[in-house]
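**Student:** Produce the complete structure using the sequences and hints provided.
These protein sequence lines map, in sequence, to chains A and B. Throughout, my numbering is defined as the position within the first sequence, counted from one, plus 3. Throughout, my numbering is defined as the position within the second sequence, counted from one, plus 3.
If you are wondering where the hints come from, they were derived from the structure by calculation, not from laboratory data. The reader is advised that the hints may include incorrect statements.
Pairs of lysine-lysine, DSS-like flavour, derived with a Cα cap of 30 Å [what the hints assert, rightly or not]: (1) B:Lys-225 to B:Lys-184; (2) A:Lys-365 to B:Lys-166; (3) A:Lys-390 to B:Lys-271; (4) B:Lys-365 to A:Lys-265; (5) B:Lys-100 to A:Lys-196; (6) A:Lys-196 to B:Lys-119; (7) A:Lys-265 to A:Lys-241; (8) A:Lys-413 to A:Lys-345; (9) A:Lys-272 to B:Lys-225; (10) A:Lys-184 to B:Lys-390; (11) B:Lys-390 to A:Lys-265; (12) A:Lys-390 to B:Lys-31; (13) A:Lys-184 to B:Lys-119; (14) B:Lys-271 to A:Lys-365; (15) A:Lys-390 to B:Lys-265; (16) A:Lys-363 to B:Lys-100.
Treat the numbers as computed from the prediction; the structure is a model and nothing was measured.
Number of protein chains: 2
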Amino acid sequence: MIAEIITTGTELLLGQIVNTNARFLSEKLAEKGIDVYWQTVVGDNPARLEEALSRAISRSDIIIGTGGLGPTSDDLTKEILAKILALPLVINSTWQKNMEEMFRQRGLEMTANNLKQALLPQGARLLYNDFGTAPGIWLEHQDKIIILLPGPPREMEPMFTEKVLPFLPATGSVLLSRILKVTGIGEAAMEEKIADLISSQINPTIAPLARANELHLRLTAKAETKERCLELLAKTEKDLVERLGSCIYARDNETMAGVVAKMLLVQKKTLACAESCTGGLLSHKLTQIPGSSAYFLQGLVTYSNEAKISLLGIPAEIIERYGPVSEEVAVKMACGARKLAKSDFGLAVTGIAGPSGGSKEKPVGLVYIALSDKKAFTVKKFIFPGKRENIKERAATSALNILRLHLMQKNG
Amino acid sequence: MIAEIITTGTELLLGQIVNTNARFLSEKLAEKGIDVYWQTVVGDNPARLEEALSRAISRSDIIIGTGGLGPTSDDLTKEILAKILALPLVINSTWQKNMEEMFRQRGLEMTANNLKQALLPQGARLLYNDFGTAPGIWLEHQDKIIILLPGPPREMEPMFTEKVLPFLPATGSVLLSRILKVTGIGEAAMEEKIADLISSQINPTIAPLARANELHLRLTAKAETKERCLELLAKTEKDLVERLGSCIYARDNETMAGVVAKMLLVQKKTLACAESCTGGLLSHKLTQIPGSSAYFLQGLVTYSNEAKISLLGIPAEIIERYGPVSEEVAVKMACGARKLAKSDFGLAVTGIAGPSGGSKEKPVGLVYIALSDKKAFTVKKFIFPGKRENIKERAATSALNILRLHLMQKNG
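**Tutor:** Below you can see the structure in the form of structure tokens.
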């Protein structure tokens, strides 16, 4: 069962809106085990709409179109479908009455062009629209299923969920995906470690995805039941964890901050932060998690040297000798933050987020991250690529990762 | 000049992500007056990718593909393009050296599969990627222009804006949009104030858009030249500013923090923050702006009561009597932050971000924001709707807006 999605709308081609209809339909079809091979966007143009619909009918089993069902002369999808299949358009009197009633209730006059919305290709079944005047249609033609739905998501989504999806043929299979989030290893190095699994494994498939500041592995399992999918996913996740170890830090919607928060809660530990180049982002990430006041005591955004001296008590001569972006200052910041807050951990970041402020010895992207507890401290040097916001993001996430690895050791 | 966009990626067909690349490219092409007739999404499948690319080359003048340029065996776009046009793939030694240098700088080993990224179809020009290891290509073949760009938006977007768009052929008419960002007024109230403009005006059109935590007005002008578009936009912007006044705070990519930063720089003023419920987000927003060290001295995330007492010197009895979420504590936080940093302004936020911690008198979403300068202070109460992240976001933006309005008065 191959499905294809055609969304019509000039706003899409002008880039004024993003194609959430295609995303919504694809996700729902995937959950039902129906493969979507194509998504096409065309404008309200008869020739191109005909080309797109004809091609879809020739190569796919299920064709789902959205948009172009309204009352205006631009709205042509039904007309063109009827032309392609050589079917006459006939008035659906039930919908005509329904529309007349809708207009009456709202105290409006129904204009003639509205009647166009009650025209269906002969043999098509009408799909009620509870939120608008354009109905959908379900048409079976030879061995194809063709479904047309209105464009506005608040009309289309409930129609698809309630009136289309349950009636599409069962595929006897379910598709389920899981995202594993990876850190502390480059994309290519990760792939080398698991290349044999990626290439040999068919179910679940394993796809590496490079996100803006993150590396993901997407596993997609196909099976007869959801339970069987979950089993397959669990097995492959285990294999991947064996190869990549603690580089895998989270699943699906979990975040690095969420994972660290959970560990701090379970281990009943508290944290204070001192940030320079991340400028509050580290504290922000930690306080995005509900209940963060249980472990997050305070954060200091010591942006100026004066702040580092007066708030954290770092000797001015240390800053002068090593510079504010240095191992030494990072360590002093972490220890200072911990002592000031009387917390179990102090986590500190200092670096050069750019675009200015870099030098040959200390380039933009250079970041030191230090972690201090009552007994010891560690400090690590990074050079992050990208723009200011990427550097801030990667520095904050790497700081959390250092704390995560430390909490894992303590627990392991 | 007809353009066509092909985005590859199984995530798109599975509905796991929304196609922001197609939107971005369409918008930029529309601004240049280049019509986009087709957007197509295909997975990482050689046969279908070939079908999509061949068809695009046959029917459009400019073909822009994104995705499938990475180091993995799934990444096939260049290979398939070379096959369609019967061109050999050749190593670009400049990019090979550039990659080796990138890996060296980051202290990582370059694995063999990375070399694939330096392969280009013969005759293609390399488009530098400043943010990743996959370069883009620009290939002119007969009368067609074929451009391939990497999939991640943070790599693709600057490449397209800087290295592709200026070099595409000019057309006869230009479409130009402008976003005006609005704050301090509800959507319906805003629409009432400008309803006549929205309905009567054709060029530019005016569309109100309610974003997650922001209210926008999108103006779209069409004219023969960019200059004429800008004139039309300026006239309508003036009409809208007359109606909405200082509620319009920014344009296009400007942010509230960016606007405030510019005012602080011009007026040579410095700022310190004290945050409770926003948890670092206010400082993070201010330090996203390059050069923020000129005005942002320090930020204190005084999450615990102890932090408010020990860092900001707020008397424990004030917190006890009024509670940490109160006008009184907000004012003390703002004054304390300013004095501690010896800055011109102190800006403070305290509130209940939820989901827990609310009561009948002090519900989730209650936020007090205080601003202090050397002479006086102001404090304002808000109740924000939404989830924890929405409340944090709206509180941080509202704090910046209070400072913006204050800086406008001082200047006006």
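**Student:** Now look at each hint and say whether the structure bears it out.
**Tutor:** Evaluation of the provided hints:
no.: 1; hint: B:Lys-225 to B:Lys-184; verdict: holds (21 Å)
no.: 2; hint: A:Lys-365 to B:Lys-166; verdict: holds (29 Å)
no.: 3; hint: A:Lys-390 to B:Lys-271; verdict: holds (26 Å)
no.: 4; hint: B:Lys-365 to A:Lys-265; verdict: holds (27 Å)
no.: 5; hint: B:Lys-100 to A:Lys-196; verdict: holds (24 Å)
no.: 6; hint: A:Lys-196 to B:Lys-119; verdict: holds (18 Å)
no.: 7; hint: A:Lys-265 to A:Lys-241; verdict: holds (21 Å)
no.: 8; hint: A:Lys-413 to A:Lys-345; verdict: holds (20 Å)
no.: 9; hint: A:Lys-272 to B:Lys-225; verdict: violated (60 Å)
no.: 10; hint: A:Lys-184 to B:Lys-390; verdict: holds (25 Å)
no.: 11; hint: B:Lys-390 to A:Lys-265; verdict: holds (20 Å)
no.: 12; hint: A:Lys-390 to B:Lys-31; verdict: holds (21 Å)
no.: 13; hint: A:Lys-184 to B:Lys-119; verdict: holds (25 Å)
no.: 14; hint: B:Lys-271 to A:Lys-365; verdict: holds (28 Å)
no.: 15; hint: A:Lys-390 to B:Lys-265; verdict: holds (20 Å)
no.: 16; hint: A:Lys-363 to B:Lys-100; verdict: holds (20 Å)
Hint 9 from the earlier list is the only one contradicted by this structure; the remaining hints agree with it.
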